[in-house]
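Engineer: Model the placement of chain B with the ligand on the given structure of chain A, informed by the hints.
So the sequence lines, in the order shown, correspond to chains A and B.
Take 1 as the starting number for the first sequence in our numbering and just add one per residue.
Take 1 as the starting number for the second sequence in our numbering and just add one per residue.
Wrong hints could be hidden among the right ones.
[Stated by the list, open to error] Across the chosen pairs, the derived CB separations fall in these ranges: (1) A:355 - B:136: 37 to 45 Å; (2) A:535 - B:161: 45 to 53 Å; (3) B:123 - A:489: 54 to 62 Å; (4) A:537 - B:121: 30 to 38 Å; (5) A:574 - B:136: 23 to 31 Å.
[As the list claims (entries may be wrong)] Below, a sample of chain A positions facing chain B; criterion: calculated Cβ distance under 8 Å: (6) 167; (7) 241; (8) 337.
No wet-lab data here; the hints were simulated from the structure.
Here a beta-carbon is modelled for each residue, glycine too, at the ideal position from N, C-alpha and C.
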Amino acid sequence: MKKLMLGNEAVAQGLYEAGVRLVSSYPGTPSTEITENAVKYGEDVIWCEWAPNEKVAMETAIGASIAGGRAFCAQKHVGLNVAADPLFTVAYTGVNAGLVIAVADDPGMFSSQNEQDSRHYARAAKVLMLEPSDSTECKEFTKLAFDLSEQFDTPVFLRLTTRIAHSSSSVEVGEREEVPVKEYVKNNQKYAMLPANAIRRHVVVEDRQVAEAEWAETAWVNKTEYNDTKIGVIAAGITYQYAKEALGDKASYLKLGCVNPLPLNLIKEFASKVDTLYVLEQLDPVLEEQVRAMGIDCIGKEAFDLKGEYSQSMIAKVILGEEKESIALDIDIPGRPPALCPGCPHRGLFSALKQLNVFVSGDIGCYTLGALPPLGMIDTCVCMGASVSALHGRNKVRPEEAKKSVAVIGDSTFVHSGITGLVNAAYNQSNSKVIVLDNSITGMTGHQQNPTTGKRINGDPTTAIDLEALAHAVGIERVIVVDPYDIAATRDAIAAELEVEAPSLIIARRPCVLLKEVRAKMPKPFEVAIDKCVGCKACMKIGCPAISFADRKSSIDFTQCTGCGMCQPLCKFDAIKGGN
Amino acid sequence: MTRSILIVGVGGQGTLLASRLLGRTLLAKDYDVKISEVHGMSQRGGSVVTYVRYGDNVASPIVEKGEADIILSFEELEAARWLPYLKKGGKIVVNTQKMDPMPVIIGAAEYPKDVLKQVEAAGVEVQAVDALRMALEAGSPKAVNVALLGVVAQNTDIEKDVWEETIRTTVPEKFIDLNLKAFGLGYNA
Ligand SMILES: Cc1ncc(C[n+]2csc(CCOP(=O)(O)OP(=O)(O)O)c2C)c(N)n1
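One chain only, chain A, in its complex shape (with noise of 0.2 Å):
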């Protein structure tokens, strides 16, 4: 039966065929599909499971794998530095059954707060790599990921980039091969890495990249396609679609399913077969600097970009030197950057913090958008935790300013890795004060359960953390519970908390809007009486998508009001009405 699937359910369905165990991951666009159907499978199939951050979710793939089970972890890049370090070792213990790496690249960066190329980590780690360039290949190629972890006994690879995860074509879906829990056999000198026998890994290690390499060069995964010879193209994933698109038969190509390592004699071979050679590739030169390096000559990164997408009509432009007509307005379009929801809690949050005029160090997370105008209200964003960390830094170099600092982040962010930066304020003694917004909900990355909502993954009831007695556990004594739709209360709480000279862990408690569950519960739209509206603006300030401002009065919009209230104690004259 063919299907179109997304390039993540392909992945999730090759998963299945494979007879994996067990998937283990933490959400991360744009990988986050392939758990999330993964999951549809059922967990007598699948084990699958949002683990708390990217590094215990590889090491309970690890732990799967070398227990004899085929397992398999999904992450988004920057989601593959917090897993480096079992990566990195992983790739001297080898496995067991089969263990598949999935790291999704976002060229672009639609929704990351870098542009990181995940195929330096493979060959860093010396790991073999395959990268699909559709939704058939995602699970042919998860399928084949799984066979050759097996047979070359290595952790494998498999690389997406957003256009890829976040594409769908047709898939012809198979049954699932069941493949039996394979035998466990201690063998220490393998699995467990001391010095000694990890010295005799690495002889493993670099063996086994000659013997991958040398499988490359005549694996049906890289495909040489020979029409005018005049232009040879070189490219792998997306960007093999994109110069098809653009080139079509009037250049030959060389795809590559295997991105590390390379084909070199094949490369070799296709280089000598066409006149000029073009290497594609999306971000960094990964493999133009492997074709330079065997002497020989091709365009690359010179003519192309270092920074952001590849697509067909830029290869199109360079290469071919055609380029489409296309028709515009003259008048100035306003932008539409994305914007925290109506009824959003982090929304009353934002604007009480903004009435405290504080420095506020960020974290990621929907909140993040409290960065954008009219909140305005981060200072600093990093990397998932820093907030709670980098606030401990800063108060330690400006004490006199802990009282005008707070950190700001997510429930799920918080678990993730802002527990151990909580610690370090409490072991180090800095006033920080922590705000967790906890909306009950991974919001992000499109609504994933964590270990704080009480919820496991296919929603089957499971504990929640309990972040008062975790803070009190660490060894903070201050811990006290806001609700940020009450934007007056919720300032003048944190001000207080602000005077005290200890550290303070401050819970801003109200459930996502958009849960179901909560938004059935919600009262009906808020409307502005026109007879008293004076156009003062109030209610705009704290930027809520569903008001809007014509003929000098305030109007919501009743399709995107979803009754929080919020702006009701803004407006002075009583205009705004509503709440049953």
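Structural biologist: Just chain B with the ligand now, kept in the frame of chain A:
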């Protein structure tokens, strides 16, 4: 030959369901189909786009400037924003809804006047419909997406019952009637 449709709107308006219904319908007609989506709550409230391409053999899943045969816009300003993506001779189907983006809400910019008239003045064929009214008539403001899909369906040679079958097999059972009604209103608009 590959045909390209761009679906644009404001994050949260339900553009993804429209593109999926469109993709499944095209697959049912044995086309090679590729769809490229933008995901994640992080896009909510922002300008969003989905690309749909179909034909005998589709390579790239994305649509670029000057390539779209049809642009389906869920909002007026978004139609103007994505206009450069339209092919010469292409058509814009647009919902006559206006949603102020944040720069307008905070007074840093103005929502341009008579946007659709200006698009037409540029020589572009525009089919403007009030899909919110149709959705409300069908029973829920959320059905704007399926009403608009009905309007797009009008512009293709795919039979009405093929579209309806996709809706029946895609949306949750309790919303089938509502969506079929919204689709019908769009189809006859
Ligand atoms: C290392 C790493 N992993 C994953 C992500 C993707 N990501 C960004 S924010 C976020 C979680 C946000 O959830 P939460 O902290 O609960 O805040 P919310 O979005 O609900 O406000 C995730 C998973 C990332 N940016 N970095």
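Engineer: None of the hints should be skipped; say for each whether it holds.
Structural biologist: Comparing the hints with the structure gives:
no.	hint	in the structure
1	A:355 - B:136: 37 to 45 Å	holds, 38 Å
2	A:535 - B:161: 45 to 53 Å	holds, 52 Å
3	B:123 - A:489: 54 to 62 Å	holds, 57 Å
4	A:537 - B:121: 30 to 38 Å	holds, 33 Å
5	A:574 - B:136: 23 to 31 Å	holds, 29 Å
6	167	holds, 4 Å
7	241	holds, 5 Å
8	337	holds, 6 Å
Violated hints: none; the structure is consistent with every hint.
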